[in-house]
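Colleague: With the hints as constraints, model all of the structure from the sequences given.
From first to last, the protein sequence lines are chains A and B. Heads up: the first sequence is residues 1 to 434, going by the numbering used here. Heads up: the second sequence is residues 1 to 434, going by the numbering used here.
Possibly wrong hints are sitting among the right ones.
Listed next, the in silico DSS-like pairs over lysine-lysine satisfying Cα-Cα at most 30 Å (straight line) [to be verified]: (1) K125/B x K3/A; (2) K3/B x K335/B; (3) K119/B x K3/A; (4) K335/A x K125/B; (5) K186/B x K48/B.
These are calculated hints, taken from the structure and not from any lab test.
Protein chains: 2
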Amino acid sequence: MGKQIRVGIAGLGNVGIGVVRVLSHNSDLLLSRAGRALTITAISAREKNRDRGVDLTKFDWHGNACDLARAENVDIVVELIGGDNGVAKDVVETAISNGKHVVTANKALIGHHGTNLAKAAELNKVVLAFEAAVAGGIPIVKALRDGLAANRVERLTGILNGTCNFILSNMAETGRPFAEILAEAKALGYAESDPTFDIDGIDTAHKLSILAALAFGTEVDFANVHVEGIRHISPIDIEFARELGYGIKLLGVAARVPDELGGGIEQRVHPCMVRKNAPINHVSGVFNGIEVIGDFVDTTIYEGRGAGQGPTASAVVADLVDIARGLRIPAFSLKATDLRPPNTIPMGRRVGAYYVRFMVVDRPGVFADIAAVLRDHDVSMESVLQRGRSRGERVSVVMTVHETREEAMQKGLQAIAALDSVVEPPSLIRIEDL
Amino acid sequence: MGKQIRVGIAGLGNVGIGVVRVLSHNSDLLLSRAGRALTITAISAREKNRDRGVDLTKFDWHGNACDLARAENVDIVVELIGGDNGVAKDVVETAISNGKHVVTANKALIGHHGTNLAKAAELNKVVLAFEAAVAGGIPIVKALRDGLAANRVERLTGILNGTCNFILSNMAETGRPFAEILAEAKALGYAESDPTFDIDGIDTAHKLSILAALAFGTEVDFANVHVEGIRHISPIDIEFARELGYGIKLLGVAARVPDELGGGIEQRVHPCMVRKNAPINHVSGVFNGIEVIGDFVDTTIYEGRGAGQGPTASAVVADLVDIARGLRIPAFSLKATDLRPPNTIPMGRRVGAYYVRFMVVDRPGVFADIAAVLRDHDVSMESVLQRGRSRGERVSVVMTVHETREEAMQKGLQAIAALDSVVEPPSLIRIEDL
Chain A
1 MGKQIRVGIA GLGNVGIGVV RVLSHNSDLL LSRAGRALTI TAISAREKNR DRGVDLTKFD
61 WHGNACDLAR AENVDIVVEL IGGDNGVAKD VVETAISNGK HVVTANKALI GHHGTNLAKA
121 AELNKVVLAF EAAVAGGIPI VKALRDGLAA NRVERLTGIL NGTCNFILSN MAETGRPFAE
181 ILAEAKALGY AESDPTFDID GIDTAHKLSI LAALAFGTEV DFANVHVEGI RHISPIDIEF
241 ARELGYGIKL LGVAARVPDE LGGGIEQRVH PCMVRKNAPI NHVSGVFNGI EVIGDFVDTT
301 IYEGRGAGQG PTASAVVADL VDIARGLRIP AFSLKATDLR PPNTIPMGRR VGAYYVRFMV
361 VDRPGVFADI AAVLRDHDVS MESVLQRGRS RGERVSVVMT VHETREEAMQ KGLQAIAALD
421 SVVEPPSLIR IEDL
Chain B
1 MGKQIRVGIA GLGNVGIGVV RVLSHNSDLL LSRAGRALTI TAISAREKNR DRGVDLTKFD
61 WHGNACDLAR AENVDIVVEL IGGDNGVAKD VVETAISNGK HVVTANKALI GHHGTNLAKA
121 AELNKVVLAF EAAVAGGIPI VKALRDGLAA NRVERLTGIL NGTCNFILSN MAETGRPFAE
181 ILAEAKALGY AESDPTFDID GIDTAHKLSI LAALAFGTEV DFANVHVEGI RHISPIDIEF
241 ARELGYGIKL LGVAARVPDE LGGGIEQRVH PCMVRKNAPI NHVSGVFNGI EVIGDFVDTT
301 IYEGRGAGQG PTASAVVADL VDIARGLRIP AFSLKATDLR PPNTIPMGRR VGAYYVRFMV
361 VDRPGVFADI AAVLRDHDVS MESVLQRGRS RGERVSVVMT VHETREEAMQ KGLQAIAALD
421 SVVEPPSLIR IEDL
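Modeller: Take a look at the structure:
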């Protein structure tokens, strides 16, 4: 049994307190699994005297988190402050340059600075670990790094944001509109008071960029991830999707593009239609789900809670156990200096099927006009649905189109949107073959 | 970049050749992930001159696998011979006592001798790893050992045998009987020519006993796992299950029994009815699926291919990468000498809901007799279904009963089976609340 390992926690919100709870509640178990005690020695937060429901008096208090990151009696700094810059970044950099291991749940920080932080950690011979940054309770970082290490990953697809999945699942169940369910999600604590990062897909993109780096051995490239959120999804799209045999999910998709098609990595976040029976379509409510396809293992799927005190703390502590056990695996599985630029594919090059909905004035020739535009853009229709008919009134026309290049699809849509009889911007949802 | 690590493969069947393929096909990737080359130096199999579709001429050939396990130029022995005794056990013991690490896909061996082999490995300071022994492509051993290390596991439930899941899924889809689908599964290569271990639940029990040891920190206790297979499942049960809102799956269930209820670990394998919408009910065909509930992480789910060359080889090679990276984590997460006896609970103490089907002669008073017997055994009915009525003929009566102790249920069934009007042994399927 080795010496104890000393943990400093910077940030005492929901997750920080969760980490305190796990380390105290399961201390015997952790001692036997890690082979040594995990002991909190220091903490830091903005307000010292708030009642956080746990006894924190035996830990050294640091008003300045960077002091904690330099403290003599800390071996691992747990960063739970959040944000892609500012204090969180300072704390992590200070810890690394002071020879402390870092465990963080901060997806924005790793999404923006992951490659550089990993390089700094390697230079300073410390561990940088971030299982908790992606999909809370799902040990997906370790699955990619260790469990699937034998495979060249072909594609990774994930429901990575519980707020969006809760909203879409509820819209599908109740038929009610986005804004109403969002308000409810806020009331239930499933959505932040400012939910922008979640519902506009940014949070999913942070996580996707981290998983893509791990899966493909590439630098983290959040800046080039194509991002769309779910604000524009309407109950009528969900209803049409159901009629066509699909569910609608906000997915992060990262896929290897073969060299013969130009090479590179697709990295995109947007609402998708997926087959009703696709495993990922069964992931509902606040749960996250990730599908990984490897060249030898074929399809593997992981599901669990994406957020919350217990699941996120569970991931943080798993990283602490790794370090206590002596694991010294590079943050992104390969040495940070070996990570290649990903050559992230521009969205225009996506090839796939599409669902589009037009709001048109129902009069003779409308459909022929639309069909002609699509033909002129080499877009080939698969099926058409029209709900109701009422001469001279507005009606929805829905179609699915066969495998098409995004570029052609977008140009076709622009041309259709310019038609006189089309009275609203068309709604487009990509169909993913999962 | 460290020195290469030298691998000897004992057993060149489907999986052995898969390992050769992965190591050669993904050698660059593995070098960068493991930090050193994984090099096959020696092989062993029964027949030397069979064409196995890959070039094996550059490896040392050992007619006797134990010679390979002693060979100077082997650091890790990969045991793919199979069987709970005989050559496989000799090879693993020889390797360990000669200071070689061991990676095995042999669930029978680990199920029967896991604790002792883990102790021997620790004494000799070598790794014993068996990710490939359970659920092929699903990295569940590592998930329990590393990803969920922060949690006290409460319950683990798994579809661990692809043959059974293929048969049950097909019976549900087609309504055809067990024997017919089994014959088809054999023809498709999804069932062995002697499928006993699979369809009688023994293979699932081997795997469950391994996962239970990992999850609960207990000795491997295959001998005390309650085991039932799927031979007795009939299309009519599947049909009734569907009417009641359930699917039928062969599950391995391992659960912690709280101290206030006597303490210990439930370990049982039998067909189960699970809610139609339960995530595990969506795992179909040859796929495996495992649900793990931890005290902090809550529910997590893992799915993937349970067998086959690629997935199993992927798991073997992931273990090789672990060892090459320098991981020295005990086989069952804790030191083998710290594993506690599991106090496996006798099946009679299971508490849960039940489905039972009686074949009775349809005449007045039959149902009253059955109801009286159940009442006398304190078994409380939840619902009753009867298909058709035809005075004097044989008809099926189906009922579900509320939470009951298995013991009481079995005694009640025996008494009912003894009634004159009951013309076949009753069929019982446990309902699991997942």
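Colleague: Of the hints stated earlier, which fail here?
Modeller: none
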